[in-house]
Amino acid sequence: KNQVEQSPQSLIILEGKNCTLQCNYTVSPFSNLRWYKQDTGRGPVSLTIMTFSENTKSNGRYTATLDADTKQSSLHITASQLSDSASYICVVAPGLTGFQKLVFGTGTRLLVSP
Amino acid sequence: KAGVTQTPRYLIKTRGQQVTLSCSPISGHRSVSWYQQTPGQGLQFLFEYFSETQRNKGNFPGRFSGRQFSNSRSEMNVSTLELGDSALYLCASSPTTSGRANEQYFGPGTRLTVT
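Chains as they are written, first to last, in the numbering used here: chain Y, 1 to 114; chain R, 115 to 229.
So here's chain R without its partners, still in its complex pose:
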């Protein structure tokens, strides 16, 4: 089975711009979670989607949004980029809903640099 894929792998944007990141989960997995990882902060939960519905949301401003399509692929959008948004954005898929934190499989991440 192919693993979790994320595109693009690297991205450079300017402050004020917006960006869309894409994640394709493992085939058959219906839960997709997004995390932001910055040095010294560890992974921080952004949101989780299951069956095209946002199930949970972390403590991030409304500039961060996402969606999930019927094929379970997910996109994350960040509007009005700030320098502090520079980070590695990780997507993780799981076969079941997050009613219980089951095994997650992470993608390689998208490295976003905001200048």
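With the rest of the complex left out, here is chain Y:
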């Protein structure tokens, strides 16, 4: 069964610190992996999309890595800010299929404390 597991479920860090969120997947075949940021009560906003051939992608202070061999991805946040407090969702697209096949993780809830 195609699955996406994220860890930790929740995380509290101090403002200015770095953190890394993990995403392990069993989705096969693999097309692309996305990271979304979702503020409370809002819709998800795309941070990065990586295909099989990409192993690192950055978006400002957010850097995503992908290891397609071990089926693991991580999202690294540098110099965290209060506005980084949100849920981060990992999504994997299996093969050349449509939106109905996207596999969503349940997210990591990050709280950045002053």
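Heads up, none of these hints are tricks.
Just some of the chain R residues that point at chain Y, by a computed CB distance under 7 angstroms:
(1) G156
(2) F159
(3) E162
(4) N170
(5) L204
(6) P222
(7) G223
Calculated from the structure, these hints are not laboratory results.
Cβ atoms here follow ideal geometry from the backbone N, Cα and C, with glycine treated the same way.
Place chain R on chain Y using the hints.
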């Protein structure tokens, strides 16, 4: 360009009632997908519309239905509401059909509470 808009943002309904949610995609986008998000379950795909046609449907009962208009605006309807339908309903638009899962842009969602 304006983003995806959803109305209403919040809704409280009673069991047994029906509800209609609306989504306006980004201008020029023809694909609209609907998702249900509940705590601990993550996002679950409801259906996708492209050029007024339902392209794909998730594993939800027939009480959940939708449609898309010629201007790409979409509506989702839930009949005979149950307590378990309480959730954040998200709409996402994409410029192309879902033949391949391209970039999606999500709206702010409609928070539905069923009492």
